[in-house]
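Chemist: Residue numbers (our numbering), protein chains in the order written: chain U, 1 to 68; chain X, 1001 to 1263.
In case anyone wonders, no lab produced these hints; they're calculated from the structure. One or more of the hints may lead you astray.
[Unchecked claim] Beta-carbon label-pair distances, calculated as ranges:
| no. | chain 1 | residue 1 | chain 2 | residue 2 | range |
| --- | --- | --- | --- | --- | --- |
| 1 | U | ARG30 | X | PRO1025 | 11 to 21 Å |
| 2 | U | LEU25 | X | GLY1243 | 53 to 63 Å |
| 3 | X | TYR1072 | U | SER19 | 37 to 47 Å |
| 4 | X | ASP1221 | U | PRO13 | 30 to 40 Å |
In this text the structure is predicted, and so the values were computed from the model without any measurement. Each residue gets a CB set at the ideal place from its N, CA and C atoms; glycine is no exception.
Spelled out, the chains give:
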Amino acid sequence: MKITLNGDPLELPGPVTVSALLVQLELDSRRVAVEHNLTVLKRATYDTVEIRDGDQVEIVNFVGGGSA
Amino acid sequence: MDHLNIAGKTFSSRLIVGTGKYSSPAVMARAHEASGAEMVTVAVRRVKLPRPGEPRGEREESLLDYIDPARYFLLPNTAGCYTADEAVRTARLGREAGLSNWVKLEVIGDERTLFPDNEALLDATRTLVKEGFVVLPYTNDDPVVCRKLEDAGAAAVMPLGAPIGSGLGIQNVNNIRIIREFTKVPLIVDAGVGTASDAALAMELGADGVLMNTAIAGAQDPVAMAEAMKLAVRAGRLAHLAGRIPRRLYATTSSPLEGLVGR
């Protein structure tokens, strides 16, 4: 299946939970936030929300910045 | 003690600093320390992902390796957003990443000046206040807009002193003064500070705090400038509280006129 992750296409073998995707990407779930089809997910739901074919996922973290 | 109080949270420092543009994260950490700031702004951006087939090297350093969240209050910003929708989405993501409902709200309206889009800023403020956010909007130095933001539920107003990163200092002193009169929520001068005297002036005008990034990060010695800013904010605040003398056109003596030798 194919999803869009941070604007780029990503091929995955099949549906995955958000937690599993973060593990696969080697990302620390405590330091990121995830938007799934335009809805920001609560961390408590990472184990249950499943990402399916065609979904849009954004994963963000904090970076240095002051303004603009 | 003279604390800064925003939305029921108190800070002993009235200086808020950014986390961008430093030559290295270690310099940033030392500058933060020297600034005495307790609140730091951070930007929300897509994580860097390894390209397909590219070997994953050492874990990339995270900004949070250099900012202790137990010591610094993280203020996520919506820097780089050009629409109310983008800013609202970014604020929601920032809340989830940082687990606090505070946001420095920016909706930029023009690329060259980075001036805010007032209309979109007000829209986004209303939406986020409804969702329970503590909204600190970066705004023009326009008293009417600041009053509207306060009416919309903003927890503070953060007018610019000059364009972001310009280092020009406070360009419209009288507007900042009028904003002080127009609003009851904390007034934070955000952007435009170039050197310590600019920060002191903001505080002398009655600002409750100053937010800056480039003035410290871009200085030749960011750690020394951070300390200068700490002292300037403190000095300006004390001068404001002390109440300055009125300006006069002519001199007034400060020594007694009686008892002069030879008269």
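Chemist: Would you mind marking each hint as holding or not holding in the structure?
Modeler: Hints and how they fare:
{"no.": "1", "hint": "U/ARG30 x X/PRO1025: 11 to 21 Å", "result": "holds (19 Å)"}
{"no.": "2", "hint": "U/LEU25 x X/GLY1243: 53 to 63 Å", "result": "holds (58 Å)"}
{"no.": "3", "hint": "X/TYR1072 x U/SER19: 37 to 47 Å", "result": "violated (28 Å)"}
{"no.": "4", "hint": "X/ASP1221 x U/PRO13: 30 to 40 Å", "result": "violated (53 Å)"}
Violated hints, in rising order: 3, 4; the structure is consistent with all others.
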